[in-house]
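**Q** Sequence:
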Amino acid sequence: MIEEAYERDLRKASKILRGVREAVLIFHDDADGLCAGAIASLALDRIEVKHRLICVEKLSPEIIELIHSQGAELYLYLDIGSGRADLIAENLERSGGSVIIADHHDPAEAKHESLLHLNPELYGYSGETDASGSTATYLLMRSSCELMDAAWLAVVGSAEIPGALRSLNRLALEDAVEAGDVEVKGDGGGERYVITFLKKPWDKISSALTAIGSIGYYEGGPYEAVRNLKSRRFPADLAKRFQELRRKRFAQATAIISRRGLQVDGMVQWFHLGDLFRGLGAKSIGTLTSILSYKRAADPKKYLMGFMSFEPEIPGLGRIRGSWVKVSVRAPKPLAKLIQDGVMPPISDLAIRAAERVGGSADGHRFAASGLIPAGREGDFIREFNRLIDELKPG
Numbered sequence: 102m103i104e105e106a107y108e109r110d111l112r113k114a115s116k117i118l119r120g121v122r123e124a125v126l127i128f129h130d131d132a133d134g135l136c137a138g139a140i141a142s143l144a145l146d147r148i149e150v151k152h153r154l155i156c157v158e159k160l161s162p163e164i165i166e167l168i169h170s171q172g173a174e175l176y177l178y179l180d181i182g183s184g185r186a187d188l189i190a191e192n193l194e195r196s197g198g199s200v201i202i203a204d205h206h207d208p209a210e211a212k213h214e215s216l217l218h219l220n221p222e223l224y225g226y227s228g229e230t231d232a233s234g235s236t237a238t239y240l241l242m243r244s245s246c247e248l249m250d251a252a253w254l255a256v257v258g259s260a261e262i263p264g265a266l267r268s269l270n271r272l273a274l275e276d277a278v279e280a281g282d283v284e285v286k287g288d289g290g291g292e293r294y295v296i297t298f299l300k301k302p303w304d305k306i307s308s309a310l311t312a313i314g315s316i317g318y319y320e321g322g323p324y325e326a327v328r329n330l331k332s333r334r335f336p337a338d339l340a341k342r343f344q345e346l347r348r349k350r351f352a353q354a355t356a357i358i359s360r361r362g363l364q365v366d367g368m369v370q371w372f373h374l375g376d377l378f379r380g381l382g383a384k385s386i387g388t389l390t391s392i393l394s395y396k397r398a399a400d401p402k403k404y405l406m407g408f409m410s411f412e413p414e415i416p417g418l419g420r421i422r423g424s425w426v427k428v429s430v431r432a433p434k435p436l437a438k439l440i441q442d443g444v445m446p447p448i449s450d451l452a453i454r455a456a457e458r459v460g461g462s463a464d465g466h467r468f469a470a471s472g473l474i475p476a477g478r479e480g481d482f483i484r485e486f487n488r489l490i491d492e493l494k495p496g
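Using the working numbering, the first residue of the sequence shown is number 102, and each one after it goes up by one.
Hints in this document: simulated from the structure, not taken from any laboratory. Honestly, I wouldn't trust all of these hints.
As the list claims (entries may be wrong) - Calculated cross-link-like contacts (lysine-lysine; reagent style PhoX-like; alpha-carbon spacing at most 25 Å):
id: 1; residue 1: Lys396; residue 2: Lys305
id: 2; residue 1: Lys438; residue 2: Lys403
id: 3; residue 1: Lys113; residue 2: Lys212
id: 4; residue 1: Lys300; residue 2: Lys341
id: 5; residue 1: Lys494; residue 2: Lys438
id: 6; residue 1: Lys438; residue 2: Lys396
Work out the full structure, taking the sequences as your base and the hints as a guide.
**A** Spelled out as structure tokens, the structure:
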């Protein structure tokens, strides 16, 4: 069962969707975001709403301003937007139109009569365990048309959440099983989900899609992925190409980090790749930082940060002002346990506040966050992050 207030707001969103003629879909570049984009695009096709797709890696004031310069009737933020809902609401005052956010990242507080914020976190669910962005999108879009044949996309998008699918993610899984598109193997925490018509497990498809969306971000990867997913196809050649490129670039980066070692400042350990990942989407630094958080070279009780230069050109949208750096922050498992137990502050709280203090913007979850900060302010960001640990640390 879906919580009553959430169900009511989903019905409200359905009326909005059916009442517009055109929309802009803004979606994230990882597997969850690509699946969310495909689900929403498929649904809008079925209810005959013209729409444009825009894939973004991060939201900042500059990027949100560019998005809302499109003059759209409706902006749909999918697997992205919650952490910057406050800025989106501010832009609505200037740009007009309406906004629906279907996301699962930690939500910022925002109120606007033309903004409907459908984040499961706001209805008592956990965005880290109960719902992915693609599940939030599936629940939104199935309220407007028959969409059971797209439930498998929410299962693939939910692969980023560890363990057996539960709560809202389980609802999407049940629909996908009923449609005959997913087979559940094993039980309990050992459950695995096979996409029957592709004959591939959900997590392998997810990993490949993230490579296509992030590594292939500047080569049209996200849009090719969405096009294929809507047609129930897996772009194997594209996946192979970008997974191989990811392997090579990550090997280069890992070799450099091994040679130099991680830099340590207080409770932060960090590395900076500069322009090494030029041509790749900025999500790649988050993926690499996640991988490194499991390596022995990382201090298990210090926050881990990765930096890379951010390319200011947003494909299909335009160029943002200024020079920026992408930062990704992760918690090694022992630190994540301390965060979960309330002993150490959540990464999202630290990253959001530290980014704001240096003129940037960030969002995320308790154990993982990322943001954009002005180039040259990396040292200031680390210092503010350490100060905030002292300020927010319980006791």
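**Q** Does each hint fit the structure? Answer for all of them.
**A** Hint check results:
Simply put, Lys396 and Lys305 have alpha-carbon atoms about 22 Å apart, close enough for the 25 Å limit, and the pair holds. Restraint check for Lys438 and Lys403: the C-alpha separation of about 12 Å stays at or below 25 Å, so the hint holds. Distance hint between Lys113 and Lys212 is fulfilled; the C-alpha atoms sit about 16 Å from each other, no more than 25 Å. Between Lys300 and Lys341 the alpha-carbon distance is near 17 Å, which keeps this suggested pair within the 25 Å criterion.
Proximity of Lys494 to Lys438 is assessed by CA-CA distance (about 14 Å); at most 25 Å being required, the pair is judged to hold. Restraint check: the Cα-Cα separation between Lys438 and Lys396 comes to about 17 Å, which is no more than 25 Å; the hinted pair holds.
When held up to the earlier numbered hints, the structure conflicts with none and fits them all.
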